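Enquirer: Required output: the full structure, derived from the provided sequences and hints.
Be aware that the sequence shown starts at 310, since it is given in my numbering, and climbs by one per residue.
Simulated from the structure, these hints should not be mistaken for laboratory data. As the structure is a computational prediction, the values presented were derived from the model and not from experiment. Careful, some of the hints might be misleading.
Unchecked claim - Label pairs and their computed distance ranges (CB to CB):
(1) Thr567 with Arg372: 49 to 55 Å
(2) Lys511 with Asp572: 45 to 51 Å
(3) Leu458 with Ile603: 24 to 30 Å
(4) Arg379 with Leu328: 46 to 52 Å
Each residue gets a CB set at the ideal place from its N, CA and C atoms; glycine is no exception.
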Amino acid sequence: LFSGYVMNRTYFKNTLEKLGLGFDEWRFFKYKSAAETLSRDKMSEADREQRQAYVDDWYETVRDEICASREIPYILYDNLINEQSFFIPQVALDAGLVDTLARWSDIDKVLEKLFNTDYRGLSSKRLLDNALPQDNWGQNPKIAVVYGLGECAMDSGIRARWLEKVFLKLEKDKKVKAVVFRVDSPGGDGMASDLVAEALKKCARKKPVIVSQGQVAGSGGYWISMYGDRIYAGPNTVTGSIGVIGGWIYDNGIGKKTGMTADHVKRGDHADLLSAIRIPFINLSIPVRNLDEIEYARMEEIIRNYYQGFVEKVATGRGMSIDFVNEIAQGRFYSGVDGKELGLVDEIGGMMTAIAVARHDAGLSIDDETELVEIPRHKGLFEFKSRIPTLSADIENDPIFRYIKMFTDSPRKPLPMMIPGTYPEFEK
Numbered sequence: 310l311f312s313g314y315v316m317n318r319t320y321f322k323n324t325l326e327k328l329g330l331g332f333d334e335w336r337f338f339k340y341k342s343a344a345e346t347l348s349r350d351k352m353s354e355a356d357r358e359q360r361q362a363y364v365d366d367w368y369e370t371v372r373d374e375i376c377a378s379r380e381i382p383y384i385l386y387d388n389l390i391n392e393q394s395f396f397i398p399q400v401a402l403d404a405g406l407v408d409t410l411a412r413w414s415d416i417d418k419v420l421e422k423l424f425n426t427d428y429r430g431l432s433s434k435r436l437l438d439n440a441l442p443q444d445n446w447g448q449n450p451k452i453a454v455v456y457g458l459g460e461c462a463m464d465s466g467i468r469a470r471w472l473e474k475v476f477l478k479l480e481k482d483k484k485v486k487a488v489v490f491r492v493d494s495p496g497g498d499g500m501a502s503d504l505v506a507e508a509l510k511k512c513a514r515k516k517p518v519i520v521s522q523g524q525v526a527g528s529g530g531y532w533i534s535m536y537g538d539r540i541y542a543g544p545n546t547v548t549g550s551i552g553v554i555g556g557w558i559y560d561n562g563i564g565k566k567t568g569m570t571a572d573h574v575k576r577g578d579h580a581d582l583l584s585a586i587r588i589p590f591i592n593l594s595i596p597v598r599n600l601d602e603i604e605y606a607r608m609e610e611i612i613r614n615y616y617q618g619f620v621e622k623v624a625t626g627r628g629m630s631i632d633f634v635n636e637i638a639q640g641r642f643y644s645g646v647d648g649k650e651l652g653l654v655d656e657i658g659g660m661m662t663a664i665a666v667a668r669h670d671a672g673l674s675i676d677d678e679t680e681l682v683e684i685p686r687h688k689g690l691f692e693f694k695s696r697i698p699t700l701s702a703d704i705e706n707d708p709i710f711r712y713i714k715m716f717t718d719s720p721r722k723p724l725p726m727m728i729p730g731t732y733p734e735f736e737k
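Expert: So, in structure tokens, the structure goes:
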């Protein structure tokens with residue numbers, strides 16, 4: 310299958326209505342579309358615009374690379390995409406996409422022909438035969454590679470409380486000469502994002518901190534990136550999305566459908582906002598009413614203030630004017646290529662590039678033996694705790710459930726977020 314690229318979203322507005330759930334989207338910035346899947350049944354024009362631009366960038370980046378490496382014209386590539394889509398191996402060979410057709414069992418012969426020499430597979434003995442003793446005394450300087458993966462939350466996802474402690478510890482560790490921060494996050498809780506960003510900023514005052522953005526580093530994921538000395542992204546990294554969203558899920562008939570009711574006593578004019586029907590088994594609380602006009606106006610004020618604070622922090626971190634950041638923000642996400650043109654990232658490059666730059670900025674030469682320290686350390690297969698899967702655990706691991714739960718668990722909270730676990734979706 311060689312059919313191009315598509316970005317797809319599933320919309321739940323009608324589903325929520327059938328379930329008796331209302332959803333009020335607090336959206337005040339043109340491109341901040343994270344809550345559209347709950348409030349609409351199709352894309353807004355603004356979201357369609359930014360997604361089409363992103364898909365176009367993705368398509369053209371891949372086309373440029375393939376056409377350059379295979380020395381084929383753009384028109385042939387486009388024709389293969391639009392007129393063939395499904396094709397047999399012989400078509401790929403005729404088009405110049407592959408060099409030869411062979412089975413895996415023929416790989417030795419292919420390599421011998423390609424390199425005009427006998428090919429011998431690698432073995433541990435051959436590798437050990439070439440190993441030389443290391444005449445190296447003392448402890449090598451360290452470069453820490455820190456991973457910030459998942460939605461921005463205090464104790465799950467990136468685990469902001471823990472990550473803050475990591476950066477504060479690295480700041481004081483004289484053996485660590487530089488830090489590479491690998492970010493792959495769609496954002497989430499603004500408080501969690503800010504906690505990590507401030508700790509990273511303190512660390513960057515003492516030693517080089519290079520940010521490497523993975524597939525997604527948008528919204529809160531960009532927030533935790535912005536104070537790095539340099540930001541590296543892939544050409545198709547989802548970056549930017551500087552904006553804040555909010556929303557309110559409430560009972561719009563689910564109580565009547567299920568027979569569940571809620572009652573309360575209160576003190577405080579707006580205390581009943583937190584009066585809710587609690588749905589058993591899946592641990593969701595559904596407020597019994599929507600916001601009134603006064604409450605909505607207050608929430609808009611909070612979100613706009615939160616957004617302005619986000620914009621000002623980006624301007625400080627990236628050395629931009631507030632007006633320029635406001636112009637390119639509004640919740641819009643960009644590809645890594647466009648992000649570089651706008652100054653949201655410094656260079657296009659992957660993890661190895663970021664590590665090489667960190668090494669250079671720390672004053673380490675290419676001949677210096679250096680130890681890479683991964684945080685958290687990747688665990689082996691047998692270090693994972695065994696568990697018996699349960700319905701609750703399986704549901705809570707679903708990205709859409711976590712997305713909805715973020716709104717129900719964070720009422721009245723501005724959220725610098727995209728959609729966790731589903732951004733972007735590509736078929737090719």
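Enquirer: Would you mind marking each hint as holding or not holding in the structure?
Expert: Right, here's what the structure says about each hint:
1. At about 52 Å, the CB distance of Thr567 to Arg372 agrees with the hint of 49 to 55 Å.
2. For Lys511 and Asp572, the Cβ-Cβ distance of about 48 Å falls inside the hinted range of 45 to 51 Å, so the restraint holds.
3. The supplied range of 24 to 30 Å is broken by Leu458 and Ile603, whose beta-carbon atoms lie about 40 Å from each other.
4. Between Arg379 and Leu328 the beta carbon distance is about 50 Å. The supplied range of 46 to 52 Å therefore holds.
Consistency note: the structure conflicts with earlier hint 3 alone.
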